[in-house]
Amino acid sequence: MQNKTITESLIASNGWMPKAASTFAPNIDGLFNFILYGSILLFVGILIVTALFIIKYRKRPGYSPPSGPHITHNTFLELAWTVPPLILTIFIFYWGFTGFLDMAVAPKNSLDISVTGKKWMWQFEYKNGTKTLGEIVVPVNTPVSLIMSSEDVIHSFYVPNFRIKRDVIPNRYTKQWFEATRTGTFQIFCTEYCGDGHSQMLGVIRVVSADDYEKWLANAGSADDGLPPEKLGEKLYTSKGCVACHSVDGTNKIGPTWKGLFGKTRAYAGGSTVADENYIKESIENPTAKVVTGYQPVMPSFKGLLNDKEIAGVIAYIKTLK
Amino acid sequence: MSESVPGTNYINAVSGIKSWLTTLDHKRIGIMYLLFIAISFGLGGFFALALRLELLNPGQLIVSAKQYNQLFTLHGAVMVFLFIVPSIPASLGNFLLPIQLGAKDVAFPRLNLASLYLYVFGAAFCVYSMVSGAADTGWTFYTPYSSTTDTSVISMTLGAFILGFSSIFTGINFIVTVHKMRAPGMSWFKLPLFTWSLYATAIIQVLATPVLGITLLLLVVERLVGIGIFDPALGGDPVLFQHFFWFYSHPAVYIMILPAMGVMSELVTTFSKKNIFGYKMVAFSSIAIAVISFLVWGHHLYVSGQSDYADMIFSFLTYLVAIPSAVKVFNWIATLYNGEIELKAPFLYFIAFLFLFTIGGFTGIMLASLSLDVHLHDTYFVVAHFHYVMMGGTVMAFLGGIHYWWPKMFGKMYSEKAAVVAWFFIMAGFNMVFFTQFILGTKGMPRRYYSYLDQFQPLHAFSTVGTWVLTVGFLIMAFYLVESLLNGEPAGDNPWGSLGLEWTTQSPPITENFADTPHIIHGPYDYDKVKLS
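Each protein sequence line maps, in turn, to chains R and L.
Sequential numbering from 1160 applies to the first sequence in the numbering used here.
Sequential numbering from 189 applies to the second sequence in the numbering used here.
I should point out that these hints are in silico values taken from the structure, not numbers from a laboratory.
Everything numeric in this text was worked out from a predicted model, so none of it was measured.
There could be a bad hint or two in this list.
Now the in silico label distances, taken between C-beta atoms and shown as ranges [what the hints assert, rightly or not]:
id: 1; chain 1: R; residue 1: 1467; chain 2: L; residue 2: 645; range: 36 to 44 Å
id: 2; chain 1: L; residue 1: 667; chain 2: R; residue 2: 1419; range: 36 to 44 Å
id: 3; chain 1: L; residue 1: 673; chain 2: R; residue 2: 1168; range: 51 to 59 Å
For each residue, glycine too, the CB sits at the ideal point set by N, CA and C.
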């Protein structure tokens, strides 16, 4: 149902955390493990003492509790369970704080990429004007700085393998930097609830070698030249994020399915039309013009995000879905 | 004072629906609250079952994405505003606070009844929202989503606004009652710790709730009139809403947990027949928690883009508030030392709280850490954490309190065996549901997701099955509690052999609580000085 997992598995790892892939991760994972094992130790201690007390002092025939005044105060004990935990938590605070500061300030030489979140897609723009949707390609071992803003409600940009997350807010820029430590394809989630398509607001980060990155950037946009139109459309279906709302197997998601769409009569408020090339082009560039009955007018315009050749590709692809 | 005829109590003193609807008796108001709160819990639980069922598989199973979003919103809103905020204070607190003080009633009985009516009125708004295109904003109503969605946000926020006043009324009443209505000899340091915790809670209710009211009202104004406050499209600031919202809602977490801690102190002393270890520490730590709780709201906003210095201060203060909570846990355990412990149903819930709340506390230490929270924020880890604190803490203490005071409230005993069976189901089910979610969250599963990556499916399915086990436990409990009302054995005035003042009057108490004004000579936990025959 969800788009096919092309990203590295988050579940498959030896520890609790997903496999690390950024320079931040070792420090954060170290802190996680420190608190985790410290907590387990203390927790087991608390359980053992409680269990011992309950067994030893349980009401039973032949047992009578010691007489005399109850102990209700013990300065040493009370200091012992107040001061060391306080010192320990201040230490944990300090560890988390310094780690957080490292994440707050990007190195000067970092590669800037601007990120726009909108219902329900991630759009990226490189300095040379290259735009991508739902996929971001970055070089390994290079600091990358994301300058992020939202076009509608609040979103949040989250990459579990990198241990990074930052809210993406309308009318304001937020920043997040990272440096990937190995190549691979990693999952991007939106983690601020943003409506019906929230769980479909996914993306991937492809970390490649510096050479591959330069090649990719030089060819971005022209790499699809050799593809036949319907293959190009099939590729765009995933890479431009259509998959989030439109199925190709007949199931209804946020938008109507593409299966059998071409040539079908579409009813919308105030009329109906046959889904031909012009209707599909209009629905891509001006989606709210004719909203099929039963669906919400929530699709963003892709005008300027797809060129004519790409739109022709999408139409060709839809034609193949009978 | 009316003559107390043997067999007369607050339940049968007067009869008829009207006598309940117009009653000024804090006990009757408490019982009515208990009924509404139980209904709310059932409703919120139903939403939880439905949304967990949807999450059995990725993709659509029973509801659409929008309906799922409405389900988790309603689950959160009902559980927070209709169930857990009023749970212990309005039901057990209303019933017990005056009796524990040796008073005839609260200071303002009419205000007390008004708070109940406001609660029902506010609940009606929430129910109206449910049937008229239920809100899909999450219980947190974050802007600008909440100012732009086409669901009925206004009725839901107005409901929460009205419920806030109900909460404020109860708070004012409790503060004045504790100050002015204590029986002769009931000095501050002879107050039962449950009363102390209600007092600390009332302070937060009165000081924090108005901020929520103002915030929700501003949201309504923005939606209705279009004045830009939070929506950037109108020139507002969406993060400002988060600050306002958590300025109330973080202290509100302590509105939820402090009374639970009070119940814990009552349970541990009665069932170990021990004086509480560190009475003053436990009492003052409630007040300390209440005060510091106002200064930690920003720990919900570490990744929102607020200043790094603010992040630093909020993180530090959050660690400070952890200490008094830990101290209480250690005090309770120390109380067991050299005691005479009876493993009755209420005490089982004491153990449940100790176990689950401690896990909630340790995972809170993780979330309070700045760098680590960046990874865990808004994932299932947070969902699991607050369920361990709220359900593992507050709900377990609430259930413990209900089992403990049930014989006092109704004069009947429930089946101990059935209670033990239900407890096992609830403990097993709870941990199945929520421990799994710690794993999911650490792996990166975001919260409020209708669908998810296939790799998360086994863990989600296991969590969903846990909700069914949990439900079995609650159904057994509902059955034996109702059964006890119908056929339960008479409980007697003091079935647990407690020294608490509420156990010196009859079960159920008479309308005036005590036949004569009680004079307090010993503290509520003086098991080493007073021997009950």
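Comparing the hints with the structure gives:
Against the hinted window of 36 to 44 Å, the Cβ-Cβ separation of residue 1467 of chain R and residue 645 of chain L comes to about 41 Å, which satisfies the hint. Evaluation of the 36 to 44 Å hint for residue 667 of chain L and residue 1419 of chain R yields a failure: the beta carbon distance comes to about 52 Å. Our hint of 51 to 59 Å for residue 673 of chain L and residue 1168 of chain R holds, since their Cβ atoms are close to 53 Å apart.
The structure fails hint 2 only (numbered hints given earlier).
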